[in-house]
Amino acid sequence: MKKTLALFMACAMMLSCAVAAGAASFSDMAGANWDWARDTVYELADQGIIRGYSDGTYQPNNSVTNQEAFTLFARIVGVNDAVNEAAVAAAQEQYADVAARYNTYATKELCFMLYRGIFTEAELDAYLSEATKNNELLRHEAAVLITKVMGGEEEVKNTVMYVFDYVDANEIPAESKGYVDFVSRKGIMQGMEDNKFSPNTSVTRAQVAIMLKKTMDVMSLSHASGTISDVNASARSFVLNGNTYTATDRTGINLDGQHVSFDALENGDEVVVTTDYQGLWAIDATSGVPATTETVTGVFNGSLTDTRGTFLKVYDLEEGVSSVQDYQLSPDGVTYTYEGKLSAILSNFSIGDLVTLTITNGQVTAVSGEPKVKTVTGAYVSEMGVSPAATITITHADAAYDGKVYTISGSVYVSRNGRTASLRDILPGDKVDLELEYGVVTEISATSRSSTATGTITEITIGTNTSGIELDINGVTESYVIVRDTEIYVNDEVGTLYDLRLGDSVTVNIESDAVTRLTVRSVAQVETMTGTVEVVNVSYGFISMNVTDTAGNVTTQQVFVKDGASIIGTDGGTRKTLSDIKAGDTILVKGAMNMGAFEATSIVIL
1 MKKTLALFMA
11 CAMMLSCAVA
21 AGAASFSDMA
31 GANWDWARDT
41 VYELADQGII
51 RGYSDGTYQP
61 NNSVTNQEAF
71 TLFARIVGVN
81 DAVNEAAVAA
91 AQEQYADVAA
101 RYNTYATKEL
111 CFMLYRGIFT
121 EAELDAYLSE
131 ATKNNELLRH
141 EAAVLITKVM
151 GGEEEVKNTV
161 MYVFDYVDAN
171 EIPAESKGYV
181 DFVSRKGIMQ
191 GMEDNKFSPN
201 TSVTRAQVAI
211 MLKKTMDVMS
221 LSHASGTISD
231 VNASARSFVL
241 NGNTYTATDR
251 TGINLDGQHV
261 SFDALENGDE
271 VVVTTDYQGL
281 WAIDATSGVP
291 ATTETVTGVF
301 NGSLTDTRGT
311 FLKVYDLEEG
321 VSSVQDYQLS
331 PDGVTYTYEG
341 KLSAILSNFS
351 IGDLVTLTIT
361 NGQVTAVSGE
371 PKVKTVTGAY
381 VSEMGVSPAA
391 TITITHADAA
401 YDGKVYTISG
411 SVYVSRNGRT
421 ASLRDILPGD
431 KVDLELEYGV
441 VTEISATSRS
451 STATGTITEI
461 TIGTNTSGIE
471 LDINGVTESY
481 VIVRDTEIYV
491 NDEVGTLYDL
501 RLGDSVTVNI
511 ESDAVTRLTV
521 RSVAQVETMT
531 GTVEVVNVSY
541 GFISMNVTDT
551 AGNVTTQQVF
561 VKDGASIIGT
571 DGGTRKTLSD
581 IKAGDTILVK
591 GAMNMGAFEA
601 TSIVIL
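For the sequence shown, full-length UniProt numbering gives the first residue as 1, with consecutive numbering after it.
Among the clues, some could well be false.
What the hints assert, rightly or not - Label pairs and their in silico Cβ distance ranges: (1) D492 to T456: 16 to 24 Å; (2) D125 to R449: 51 to 59 Å; (3) E153 to E383: 31 to 39 Å; (4) S450 to T293: 45 to 53 Å.
Hints in this document: simulated from the structure, not taken from any laboratory. For each residue, glycine too, the CB sits at the ideal point set by N, CA and C.
Given these sequences and hints, build the entire structure.
The structure is reproduced here in structure tokens:
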């Protein structure tokens, strides 16, 4: 719990003029052919479930691997949710030896899936072993994965007959039929074109987004936390926040990070409960009464000592001395810090100083303070924040200030290079002197530094508030911040970050550490490939083809056919249309990558 006194309420007023965080968008999802998936992809990206690539694309036609799918579905059941932080930590400790057997980036997800009982140790190899983790996830395999995540395994085992409307039902592997039936009835997976389920077709990144969203909607996970009472072991029920919860055989119960039976729960235990569409799914309990810690920030008004102990008097600046509160010092000792120096003692503090108290179980265990008015000189801007209040993060040679984040007053005076400026003019890397009153910045004096550089783009990062690029400059990698007002020109035309490509030659104009102008020379790389047609979709204008490389490896390539693309046959060069291309045909395709997708400019039917 953190208590903030009204001293900082004025800063909260800046919420009305703060810049809202931007919604996710990907440059290769703009076309009408992605209308069916775009909103879902953006929604899940905003929630942190799925992510795009550094070049601003999502690459919706790329296939999903077993390892990637395992990771994505772990996210929708809460592996990254703050409410499950303790459960994830317990899972990682409990299953560390299992995770050590796998060479995977999904160790946290692996542990959490085991902890929640979604998978057994024996089932992990299908997704994370060296032999399977990079294999493309097939649709019938996706049905198995989704069923396990939704807790539908028992229902599948108890179903003895499956009736499918799919015309290719006989192609569904026998061991997957029950799972396909389950996800079909739940509305998670439906047939593809021509009423086919296409069990052996790879799942794309666009398709998996739809599967994730539908699974989340059906599962309807929700959480509640607090102290339980009225624990009834025979009924396997308890009361939490006025609501009665009843455990079933499917409910996973953990106490202090260990799997237990319901009998181990007691009145007064702190719990987090997770419910889904079937009822109570998980109980994560902590026995005993945990220590409570809060922080209080205000103005020091002296101390007093009586028979009860020593107390600090702290008041709310705006309310005045009438709001003075007494806070008792811990008899076990207090740590004092004044202006970043840990060697301080209580006598270093003066009436009127700004203080922050750390209070554990009702008693002060730490006090930090600084004068009402102070100046910080020789700092450099690391980051400017806008939400929920305007802030400035600095770097400094003095460790007491390095990495500090200060709230900025709504009436702050800003100057840059000797001229009156605004907060939006301050750039990362600017040298600044700050004037503070009660820890809030009231004046910023900034000085910029200008330079230029030319190199080749090796990395592009696109973020909500700030973005950046890395350049290879004569063999040395340099990083630069792209700010909101950066001017971008691509081949002498106004462009955006989404127009940049790895390998582009770029010249940057730099102020401090931020790029103010970026000039790019971008040349599309024309490619030619030959392969066998697997699927042709005339409506959406794309071809799925299998391409064999010189080593004999076969990969699936999605090709978009541009309007006006030349399509000819070998029968005297007769012009053809996309509908003339059939599955099984061998074709030669010429084109280039554009916005993360391969676009064909000419096709020869061999």
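Could you see if the CB distance from D492 to T456 stays within 16 to 24 Å? 19 Å, holds
Between the beta carbons of E153 and E383, is the distance compatible with 31 to 39 Å? With Cβ atoms ~47 Å apart, the hint is violated.
CB-CB spacing for T293 and S450 relative to the 45 to 53 Å hint: 46 Å, holds
Cβ separation of D125 and R449, checked against the hinted range 51 to 59 Å: 55 Å, holds
When the structure is compared with the earlier hints, a violation turns up for hint 3 alone.
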